[in-house]
Amino acid sequence: MVNGYSVVVVALVLVATVAIGTYGFRISRTTSDFYVASRSIPPFLNASAIGGEYLSAASFLGVAGLIFAFGPDMLWFPVGYTVGYLVLLVFVAAPLRRSGAYTLPDFAESRLESLPVRRVASVLTVGVGWLYLLPQLQGAGLTLRTVTGAPPWLGPVLVAVIVCANVAAGGMRSITFVQAFQYWFKFAAIAIPVVFIVLAWRAGGAPSIGGPHPPAFQNQTTVTLQQAVRVHAPEPVLVQATGVVDGRRYDHQDTPLEVGDHDVGGQTQLVFPAGAAVPQVSSIDAVSNDRWALPLDGGGTPRSLYLTYSLIIATFLGTMGLPHVVVRFYTNPNGRAARRTTLVVLGLLGIFYLIPTVYAALGRLYAPELLLTGQTDAVVLLLPSRLIGGVGGQILGALVAGGAFAAFLSTSSGLTVTVAGVLSQDVLRLRGGIRSFRLATVLAAAVPCAAALFVTGLPVADVVGLAFAVAASSFCPLLVLGIWWRRLTSVGAAAGMLVGGGLALGAGLCTLVVHLGEGWLRDLMVRPAAWTVPLGFAAMIAGSLATPGRVAHNVTSTMTRLHVPEGLGLASTEQHPRTRDED
Amino acid sequence: MNRKPVPERVVVMSPRTRASRRTRPAPVSRPDDRTSELREVYVRSLIRGQLRRGLIVSAVVAGGLAVVPLLFAFAPALWTVTVFGVGLVWVVLGVAVYPVVLLAGWMYVWRTERGEREFVELVEQS
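Residue numbers (this note's numbering), protein chains in the order written: chain A, 1 to 583; chain B, 1 to 126.
Hints should not be assumed to be uniformly reliable.
To be verified - Which residues of chain A face chain B? A partial, calculated answer using Cβ under 8 angstroms:
#1 79
#2 82
#3 83
#4 119
#5 308
#6 537
Said to hold, decoys possible - Far from chain B, some chain A residues (derived; all Cβ distances over 10 angstroms):
#7 15
#8 200
#9 294
#10 347
#11 453
#12 541
#13 549
#14 565
As the list claims (entries may be wrong) - Cβ-to-Cβ under 7 angstroms is the rule here; a few derived chain A residues that face chain B:
#15 244
#16 245
#17 295
#18 344
#19 542
Honestly, the hints are just simulated from the structure, not real lab data.
The C-beta atom is built at its ideal place from N, Cα and C for all residues, glycine as well.
In isolation and in its complexed conformation, chain B is listed as follows (with noise of 0.2 angstroms):
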């Protein structure tokens, strides 16, 4: 009767962030290749575009609700706004934030995975 051997049992603890920084290669900048300075330069222009529409997702979405705070304050008509019978506050911070938020993020992910395909595409044709 064979038995299959048991693998021994590991605990993953974190990885082996040293070990590795050892033997990683410098793959990005190799002094002799003239196509490696064009791609560090498709590299900055990515995260700079990434960080751009990370920036403008934000903005909208934290900026347009930090403005809520101060609309309650200034303008207490605002108060006995209702939508079916509930206080504009409740629905807005209880309902409607959440579908904003995904659409913001929808609409992020959609964006940022086009800029990595194109920024794809130009690698690969350098």
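Pulled out of the complex, with its shape left as it was, chain A reads as follows (with noise of 0.2 angstroms):
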């Protein structure tokens, strides 16, 4: 379905993404014009910033596809991204700004003061920004393929390939005005067309998307299958095909489906008529619109509970260790401001969220063949142009895939500039300024890129969830016991992030090289963060127990400054920025 109106508006996002990106940074700016400006941003413009860069492709096209897909469940997505932030505001907003941190092995150093523990932190750091980074660029070819009928290839590589002219350019990062804007426009591309979809949907006498059948094609259908599947029929079909069903080749001749799973190949057109049961491809359980409305599957077995339970820990306890949310909270004036500034962020998040939902029940009606190839992301892309005829529905159209791009754009920014800036500073220790960051951004853009292109096939959501994991189990025990126990050592810290993280990564890993059929196993490794999380806790506890002659010399006064409100006198809360010179 390409639409030539959404190329115009991708084309525009990406235009605008550079020019401001080279003409924002000629702007000179000293350091001091840096720290004037960051401390005078008021706390609704940078939670608008913050809310522009979390919002990710995640969150713009994979939350409503999960819904889509899977029902209510998957609502836990969005709400413990949400929580996520209430959690971080309680426990670690103020004291994160007071402690000068820019980054988190910027904390780990400066509140153990220790280097080693410093290194694992940055190691850490670039682990879970590769992983968050995979999914978006995936994201954006999925995104540019459905929108443009562009190769699966292009996305990825456009988007690497100008975030990384950016960020070498001069850096988004300090760009708060943008990043404000993209949350708006975000919202904007997501919003407006739901408001049609919905008149629309309500014109169409509002059809029940309950119902005790399974989703059917309302209209004639035709789907071309990109890539082989197999697929469950859930009721009788007869569809005319051409090209290969179940190993037989077809021509353009009527071919029934009988219930069951059948294997049909790449580039195999499907002719369904209206009314028909849409087969499901086989990842998706083929379930009627009444079962996927029920929560926990429909059966509340102890493994749905126990992959909704780890999926809470991993969302509600990983949003504070996602690099690029840590970085943001140093552009606030003070604590206070800071904590207000997440209070808003709250806000922001709610209202957006409430909007994937429609979209997810919706496609249930107006978009099912998604459920057959598979791309459920693509529902947001699609439903607008589907349910709104025209030059209006196109339009729309192109503002959803607009928004899905600054989407990628945002995210993929704030995760390239973080990881470099820790992987030249820390991982690759190199010397000679700027020169040397250009280097180490295009390192950290290419190797995601490079994952997306030759993992294909990886459900994004189980790539976000592994990082939300990693970041819960390592950097959630270490932000918490680091501001609130004063006991904490930097050998528990080391030991801590490395049990933690270490165990949450090597099962997402194992996910990814090993098959583990379905079962107990493949949930445990799928959703590590219920058994991980507690042994990070552990150890980092157990470790500082028993090494209490590592705790850091100046604890109290790190702890003063944690926690006491700026402007007493009675900690020195003022850092200074490292600064390099331009080349």
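Bring the two chains, given one by one in their own frames, into a single complex with the hints.
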């Protein structure tokens, strides 16, 4: 479904990003300018910028796609992304700002006064950053292919190149206005079409979304499968097939699909009559709309409970450990503003996350073929032009596509700049100022880009969930214990991060490499947070209690600095940025 | 024609944590100062208060949400409950949770800022 307006809007978003990146940084910025600016940014603007950076492809496309495919259990993703900020607000926001840390490695070093701990935090930051970048780039490929018909490799490469160019040219980091604008653009891009979609649904007699039947095609529908898939037909259907079905070649012939599994070859075209039940890709349970709308897979088995709780733990506790989230808190004037900013973020995320659910539910009615192709993340992209005819629908579709691209670009930029900073300073330990930073930027974007090209077919949501699980198992204990527990030692912190983060990362990589089948083992590996987070905390506490002599020397003054309001003269809160002269 | 000197452009990478620690004074515990001991006591009680408030808020919100899956698992009767024709789970997790979280955050900020104000008054009196 190629939409000419989409090409134009996506191109505009890309051009605007490059233009702002290259011209925005020409405005001369001294270090003190940076400080004056960052200290005068009011909470609402700062919160918009945080929202702009945080709402990624996973939020813009992925949440709706997951709910569309798997039902209300997936509502825990947006709930977790939001409650994660509440947890961040009450345990981390103000002390983190007062610590003066720019990145998690900075925090680890200043609190624990240990370079080895800094190194461990650095490696983990890069790991989490790359894990989170990978699905952004994959999403870019999907979007570009859905709206313009471009080959699947173009999206990841395009986003990676533009992000690299921008970051290397001057950095998106300090451009608060751009990120703030991105939030409101994304909000408009998802909220304006939804109004028209709901109106069109009501004009069509507001057909019920539930019902004891599986999703069905409303009209005669032609579906072309890009890749070979195994599908499950919940009801017998008669399709006109061109291509390979169950090993037999067809050419515009009527083909009965009995109830059960069928293998459909790549590039096969299927024409379904109106009212036919949609055969669904085997990774999505083919259930009736009624059952889809029930919680806990409609069963409430121990496995579905484990998956739900592990997701809750990962998202509630993982948000505070995402590398690009922490960086943004530095632009708050003080700890009190950091709290107020976070509060506004809660509101901005809340209103945004009301919307994907509407797309998901109406997608069951109007875009059921995505259950067949498995490209459920495209539901937000497809619905506007599906429900609203003519130029209006195409323009709304283009708006959504532009919003999705803004989502990839803003999140990828924030992540790339953070990962590149940590790479050049701590991992590669390059000398030579901006040139080494540029080199690190290319590396920071190239690795996940290559992964997105070669490791295809990875469920985007699982990778995002894994990034959260690693962050929750390593950085959450570091931040929470570091801020609230004086007896945390460098040995304990390193042990906790290595045990928690290492186990979560290992479990996740295991699922990518080894085929674990279906069952408890796979569940434990795909959603490891429920066991890796407690282990991370336990290792950090046990390691600290075993090495009481390694408590940081200045722990008393550090704790005072973290918790006492600024401006009392009790603690020195001012820190100055490390600067590098441009070549 | 005068041109203003163009300030040299620098790239901000991260705080100079190492450099700043060398020069940072240790302000809290001057050994000869009795009020500093008192302040240390105040600081500890401030931290305890902030932690308590954080734990209460997160226990209420996260704890309340954590009960939701269990409720649905052990009371399947809830599955058929609808609000304006929409299933209860959709209303709770899709809509109602967001204003509750915002309200909890607002109450936390309000209480915490009051705690900080009280601390500042105590310190300034001492």
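Hint-by-hint comparison with the structure:
1. 79: At 5 angstroms from the nearest chain B Cβ, residue 79 (chain A) passes the 8 angstroms test, so the hint holds.
2. 82: 6 angstroms, holds
3. 83: Check passed: Cβ of residue 83 (chain A) comes within 6 angstroms of chain B, closer than 8 angstroms.
4. 119: 14 angstroms, violated
5. 308: This hint holds: residue 308 (chain A) lies near chain B, its Cβ roughly 5 angstroms from the closest one there, short of 8 angstroms.
6. 537: Status violated, d = 15 angstroms.
7. 15: 24 angstroms, holds
8. 200: Label holds. Min Cβ-Cβ 19 angstroms, cutoff 10 angstroms.
9. 294: 5 angstroms, violated
10. 347: 5 angstroms, violated
11. 453: The claim holds: residue 453 (chain A) sits with its nearest Cβ about 30 angstroms from chain B, beyond 10 angstroms.
12. 541: 16 angstroms, holds
13. 549: The claim holds: residue 549 (chain A) sits with its nearest Cβ about 20 angstroms from chain B, beyond 10 angstroms.
14. 565: 5 angstroms, violated
15. 244: 40 angstroms, violated
16. 245: 36 angstroms, violated
17. 295: 4 angstroms, holds
18. 344: 9 angstroms, violated
19. 542: 21 angstroms, violated
In summary, the structure is inconsistent with hints 4, 6, 9, 10, 14, 15, 16, 18, 19 from the numbered list given earlier, while agreeing with the others.
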